[in-house]
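*Asks:* Got chain A; can you put chain B on it based on the hints?
Note that the protein sequences, when read in sequence, are chains A and B.
full-length UniProt numbering puts the first residue of the first sequence at 1, with every later residue one more than the last.
full-length UniProt numbering puts the first residue of the second sequence at 1, with every later residue one more than the last.
No lab work stands behind these hints, which were simulated from the structure alone.
Model, not experiment: these values are computed from the prediction.
Glycine included, every Cβ here is placed at the ideal spot set by N, Cα and C.
Any given hint could be a false lead.
To be verified - Between beta-carbon pairs, the in silico distance windows are:
| no. | chain 1 | residue 1 | chain 2 | residue 2 | range |
| --- | --- | --- | --- | --- | --- |
| 1 | B | L136 | A | L103 | 31 to 41 Å |
| 2 | B | A45 | A | T69 | 43 to 53 Å |
| 3 | B | S39 | A | K43 | 30 to 40 Å |
| 4 | A | M77 | B | R167 | 17 to 27 Å |
| 5 | A | R58 | B | Q116 | 40 to 50 Å |
| 6 | B | Q42 | A | K43 | 36 to 46 Å |
| 7 | A | Q75 | B | H23 | 44 to 54 Å |
| 8 | B | I117 | A | K99 | 20 to 30 Å |
Claimed, not checked - Stretch by stretch, here's where chain A covers chain B in the computed footprint (C-beta under 8 Å, at least three residues):
| no. | segment |
| --- | --- |
| 9 | 3 to 10 |
| 10 | 14 to 21 |
| 11 | 122 to 128 |
| 12 | 153 to 166 |
One letter stands for each residue in the lines below.
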Amino acid sequence: FRFKESLAEDLQSADLVISHAGAGSCLETLEKGKPLIVVINEKLMDNHQLELAKQLHRDGCVLYCNCSTLVETLQSMNLSALKPFPPGQPEKFASFLDKVFGLQ
Amino acid sequence: TGGHTTEILRLLSCLSESYSPRHYVLADSDKMSEAKIRSFEQKRAERFSKSQFSLDRIPRSREVRQSWISSVVTTLYSILYSLPLAYKRKPDLILCNGPGTCVPVCLSAFLLGLLQIKRTIIVYVESICRVETLSLSGKILYYFSDYFIVQWPDLKKKYPKSVYLGRIV
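The shape of chain A in the complex, shown without the other chains (with noise of 0.2 Å):
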């Protein structure tokens, strides 16, 4: 398919997501605690979505490949040595707003 609403259902069933940079791809897979391999197209790409590839591979949280060697990784891959990617909180942002504003 080209576009869907939401790929949530198809997360969900999946046992591995392989997927271009974008931010929003990494983290909804990562969120639903999914292995990932990230594959990475220089040529296309807009050097900013390779930052938070990167970092995530530095946390260990994905493996990453480019196009021509992603046979390889899905061959040597080890998922299990993935780390679990925490949550996001938002309720720090919140806290500090409320702060800002006297609301405390």
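*Replies:* Coordinates of chain B only, in the frame set by chain A:
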């Protein structure tokens, strides 16, 4: 647009009803955010009875990778729309997270502040995608915002006036 909208709605998720009414400003070309916003606000209305919000659109200030000279022109054009909007709403707080649309809105509010018409607190939260470098909106609004929040420690080091709360979306 897209990712920005998702992030900003997450930022709003834990805010109390003191932060009401909420006025959303979107780019005219944005087709998908309105539905996400309405869905968010509908769920919110189920929890808080007096929940209020509105949606306004302004011309899109910049396309991805548009040259900076033409961006200045298109941003100025967007300000023609955002300035009367800021004047009408006179917000106490502007919360934004990086799409080009936020630049004219924040600059309008900043201007109203200089003219002593309304002092708005501008809070900018850089996207979680930005680990090592700021977006163009971020680079501009670092100087115009009251609070500039980053989500990764590298940025806090590079931009010492920023606030680092960890990942908040």
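*Asks:* For every hint, state whether the structure bears it out.
*Replies:* Checked hints:
B/L136 and A/L103 have their C-beta atoms about 32 Å apart, which keeps the hinted 31 to 41 Å range intact. For B/A45 and A/T69, the hinted distance range of 43 to 53 Å is satisfied, since their beta carbons lie about 49 Å from each other. Between B/S39 and A/K43 the Cβ separation comes to about 36 Å, which falls inside the hinted range of 30 to 40 Å. As the Cβ distance of A/M77 to B/R167 is approximately 26 Å, the hint placing it in 17 to 27 Å holds.
With their beta carbons about 47 Å apart, A/R58 and B/Q116 fall inside the hinted range of 40 to 50 Å. Separated by about 41 Å at the C-beta atoms, B/Q42 and A/K43 satisfy the suggested range of 36 to 46 Å. With their beta carbons about 53 Å apart, A/Q75 and B/H23 fall inside the hinted range of 44 to 54 Å. Distance hint check: the CB atoms of B/I117 and A/K99 are about 26 Å apart, consistent with the given range 20 to 30 Å.
Restraint check on the segment 3 to 10 of chain B versus chain A: 3 residues with Cβ-Cβ distances below 8 Å, three needed, restraint holds. Under a criterion of three residues with beta carbons nearer than 8 Å to beta carbons of chain A, the stated coverage of the segment 14 to 21 of chain B is upheld, 5 such residues being counted. Only when three residues or more bring their CB closer than 8 Å to a CB of chain A does the claim for the segment 122 to 128 of chain B stand; here the count is 4, and the claim holds. Remark: the segment 153 to 166 of chain B is confirmed as covered by chain A, as 3 of its residues place a Cβ nearer than 8 Å to a Cβ of that chain, reaching the required three.
Every hint from the earlier list agrees with this structure, and none is contradicted.
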